[in-house]
Amino acid sequence: MTSDLLHYEDFPEGLVIPLGSHHLSKDEVIAFAKEWDPQPFHLDEAEAERSVLGGLAASGWQTSAILIKLSVEGYANRSAAMASNSMEEGRWLKPVYAGETLTGRATVLSRRVSSKRPEMGILKMKFELFNAEGELKAELTGVQFMKVRHP
Amino acid sequence: MIGLWLDEIQVGQVVELGTHHFTREAIIAFAKQYDPQPFHLSDEGGREGPFGVLSASGWHTGAAWMKCYVATNQAAEAKFRAGGREPAMIGPSPGFTNLRWLKPVTPGDTISYRSTVTGTRELNSRPGWGLVFSMNEGFNQKGELVFSFEGKVLTPKRP
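Just so you know, the sequences run in chain order A and S. If you're matching positions, the first sequence starts at 1 in our numbering and goes up one per residue. If you're matching positions, the second sequence starts at 152 in our numbering and goes up one per residue.
Treat the hints with caution; some may be incorrect.
As the list claims (entries may be wrong) - Covered stretches of chain A, as calculated for chain S (at least 3 residues, CB under 8 Å):
#1 44-50
#2 85-91
Said to hold, decoys possible - Partial pick of chain A residues on the chain S-facing surface, computed with a CB cut under 7 Å:
#3 Trp36
#4 Asp37
#5 Gln39
#6 Leu53
#7 Gly55
#8 Gly60
#9 Trp61
#10 Val72
#11 Met82
For the record, the hints were derived by calculation from the structure and aren't laboratory data. Values in this document were obtained by computation on a predicted structure and should not be read as measured data. Virtual Cβ for every residue (Gly too), placed ideally from N, Cα, C.
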């Protein structure tokens, strides 16, 4: 690993990392739903309008995956990230509608160095996804492993 | 769930959701779109990554659970309709807790998914609906638990 990558030391508790945006097209909602979550409210506009979601909305797994993509592009791929083994909570708070532009934000909630593996830091992260109006749509809270620069 | 209304669902009920096979091509294609970290994108990136091998994005493993869950539900709903009975259709989910990726899912793996009902609750905020809570697991072809989470899904009460 080259030293210009971000390491554990670069992620202090409380750090807020603005992530990029993703425009969610109707085609992308339907394509994901066809492959992974073919429920009527993710596939068909008329059915979706009659459903409890009130409009064509993304699968929660797609919403989560978009938030992960924004975090990977936003900082993980510039860092010595070592994957994750858990997300303690995922909240799909409001429907994410086709046509919305979504923006992410990551926050370091807490951190510690693994006692078994001193070369590995454990970041507890919160990832949030907002629409253009600033409404919080989805939130993930979980672990991100990150190499320690100077173990 | 599987065409059942809220009041018909039993705590402890186990539903086998079927299997999903992960090819190298599918692992890379999913990762390119949603989780482009080097260890999900190529064999070489996998070798240098935390698992020493190309592995599927954990969200790919989760999406495949959803695919199996929906297919199982839709097959059960069709069976009800064929028998002249109106099935309950599941609603959206407000989220999950304790999602764990216990072992990497690698090219050639076939994951068997299972859902076990852990509780049901009526919703005062949404008349006619309740929540069904479940423990969901994925096992690889060696029988190793690779994936689990606690889910919840909106489920209608019998009208």
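Status of each hint after checking the structure:
{"no.": "1", "hint": "44-50", "result": "violated (count 0)"}
{"no.": "2", "hint": "85-91", "result": "holds (count 7)"}
{"no.": "3", "hint": "Trp36", "result": "4 Å, holds"}
{"no.": "4", "hint": "Asp37", "result": "5 Å, holds"}
{"no.": "5", "hint": "Gln39", "result": "6 Å, holds"}
{"no.": "6", "hint": "Leu53", "result": "6 Å, holds"}
{"no.": "7", "hint": "Gly55", "result": "12 Å, violated"}
{"no.": "8", "hint": "Gly60", "result": "6 Å, holds"}
{"no.": "9", "hint": "Trp61", "result": "5 Å, holds"}
{"no.": "10", "hint": "Val72", "result": "6 Å, holds"}
{"no.": "11", "hint": "Met82", "result": "4 Å, holds"}
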